[in-house]
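Heads up: the sequence lines are chains A and B, in that order. Note that the first sequence covers residues 1 to 213 in the UniProt record's numbering. Note that the second sequence covers residues 1 to 437 in the UniProt record's numbering.
Some clues are possibly wrong.
[To be verified] From the derived model, a few chain A residues whose C-beta atoms are all more than 12 Å from chain B:
| no. | residue |
| --- | --- |
| 1 | GLY52 |
| 2 | LYS53 |
| 3 | GLY78 |
| 4 | THR98 |
| 5 | LEU123 |
[What the hints assert, rightly or not] Heads up, incomplete: computed chain B residues facing chain A, CB under 7 Å, no partners named:
| no. | residue |
| --- | --- |
| 6 | HIS198 |
| 7 | VAL237 |
| 8 | GLN238 |
| 9 | GLY239 |
| 10 | ILE298 |
| 11 | ALA300 |
| 12 | PHE338 |
| 13 | ARG339 |
| 14 | ASN343 |
| 15 | GLN394 |
| 16 | MET397 |
| 17 | GLN401 |
It should be emphasised that the hints constitute simulated quantities derived from the structure, not laboratory data. The C-beta atom is built at its ideal place from N, Cα and C for all residues, glycine as well.
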Amino acid sequence: MSYAYLFKYIIIGDTGVGKSCLLLQFTDKRFQPVHDLTIGVEFGARMITIDGKQIKLQIWDTAGQEAFRSITRSYYRGAAGALLVYDITRRETFNHLTTWLEDARQHSNSNMVIMLIGNKSDLESRREVKKEEGEAFAREHGLVFMETSAKTAANVEEAFINTAKEIYEKIQEGVFDINNEANGIKIGPQHSPTNPSLPGAGGQGGSQGGGCC
Amino acid sequence: MLTTNKSEKRLSSTVSLFKFSELWTTNKNQYCFVPSFSHSCISKSLSDMAARKVLENHKTFTSKAVADNMNSENPKFANSKNKKVKAFHKIPGRPQLLNNPWNGLFHNDESSENKLEKFERLLSGDLTSTELCQLSWSGIPMKVRATVWRLLSGYIPLQKEKRQYTLNKKRQDYLKMVKEYYHTDSNESNHSTYHQIHIDVPRMNPSIPLFQQNIVQEMFERILFIWAIRHPAAGYVQGINDLVTPFFIVFLEEAVCFNVPFELLTINVLTQEQRDKVEADTFWCAWKFLESIQDNYITAQPGIQQKVVQLKKLIERIDDTLHQHLVEHNVDYLQFSFRWLNNLLTRELPLRCIIRLWDTYLAENETFSLFQLYVCAAFLLHWREKLLLETDFQGLMLFLQNLPTHNWTNTHISLLVAEAYRLKVMFADSPNHLKCK
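So here's chain A without its partners, still in its complex pose (with noise of 0.2 Å):
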């Protein structure tokens, strides 16, 4: 199917706080209540429209265990997105977010998008963390945040459709550059930025490519 524009995601944090069934809610729209351990990577893709505009995302899911982290780490080169994921019922993965966002922020490129998300906010009466560390958290290291349930399926269209928006606002105000495959960002193949019908940022994107760094 044609798209405008493919982006890239990763879905990080420790293990056990929903990344799959995040993702698994986002593509197939189910929840899955017992989720078999993530090994090494998953893949998930799926098409959304915004500003009238057809993007695929394609999502690597990452597993949570420290044993992969040397594996885990290569999928952050080439992602346009990334959404760092911890769970509110448990506060040990609230505090290992600024390894996370260290590790990210390491082997990514500068521009990528970081989603930070509050998972299982089904769970209210097991609440360790409060929406508002979540956001003082987000505040202070430039991330935007939202509270999901991949269970209830609250926010998780958000969360995926959200992150593409900024990364689609970035295209637009000309940050990435959008002919380097490396940031995680394709043209779709009906979309070549040399084409002057191209609708949205395609051909200023092209003309930004020395600037962006």
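Starting from the structure of chain A, add chain B where the hints point.
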């Protein structure tokens, strides 16, 4: 210099007998102890015979039945991309239950009366590892599988009169280890290991009710925890839990005398004593099995990283068309084969098939780690035609991460290992393809 080259040389030697030594002893003061097994490998001629037999038996079956099966597995294959994406993205990489648990178990080589008799004759006296491996390589009848796995794992000795004594002793040793080491509050490192296992075990095999039972989960927690603290270099890495599962199933079904398939079993039907035996047997056999692939699970997982490179080079050499197709669409071998290697295909195949696959792995003994590379190559090549039809990265990746093996039976596995063996023989004499930086 890679150890694989050495292994290749060993493989290409003529008959080399297994030397099952006396059972190793547990040294409480020593971490990471290695059983006193000398290197052993199945002879080329023996595996060759087994592989050839499988190929001959199924010559007529292969093309049509497998093709039919593949079509029925994925009727939507010819449909549009979007539909296909949806069809494949179910629960990626989950072990699947067979529709009929016993399906495919009674029509295969490993279950023939003739073969069972051969095994029973062999087991009734002192036996050599060569004989046992030769017979086991092409599949072990369910009725004797547990005993044969104990022998192949080196858990119990080949000498008949020593078997029961050793079995009893090792079972007691395990219980002692649990008492001694299963303290979850001893230190921080152990605590984090325990915590990881504790949150992982309830997430295992979500489609199989047996694994949702608390008693089963506790058994797995103990097995994995003891393994981890006795192997601190590797520790517990996600996926190891799946590698323990086939052993557990085989010993469990033996304990219920094969009256109930595990898919329908509740653990409560076993007494505490029976459960302890199942747990100890699972632990020791998994121990031996995992030790031969420890480099898969140490820091940075060098064993796996190396094999991914080897697989790539192997495919490039065997089937350059397929290799170029993957490269052209930016598919990195790591993206799909990491899980194959970390979990030894347990996430790609139905559990019954995994058990059959491990008959061969255990018969390969310490060379199974290398043999596994060829199994992965054969597995990838099996999907060649489908892969070549995919025209973009997304289609390839979704297909590779959700391979339609739901209807696979033991017959498919027999063909898979036979093909893997054929590849190994073809490439073992020219191991240059295995060199990697």
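Problem set entry | Unmet hints by their number, sorted upward, for this structure | 3, 6, 10
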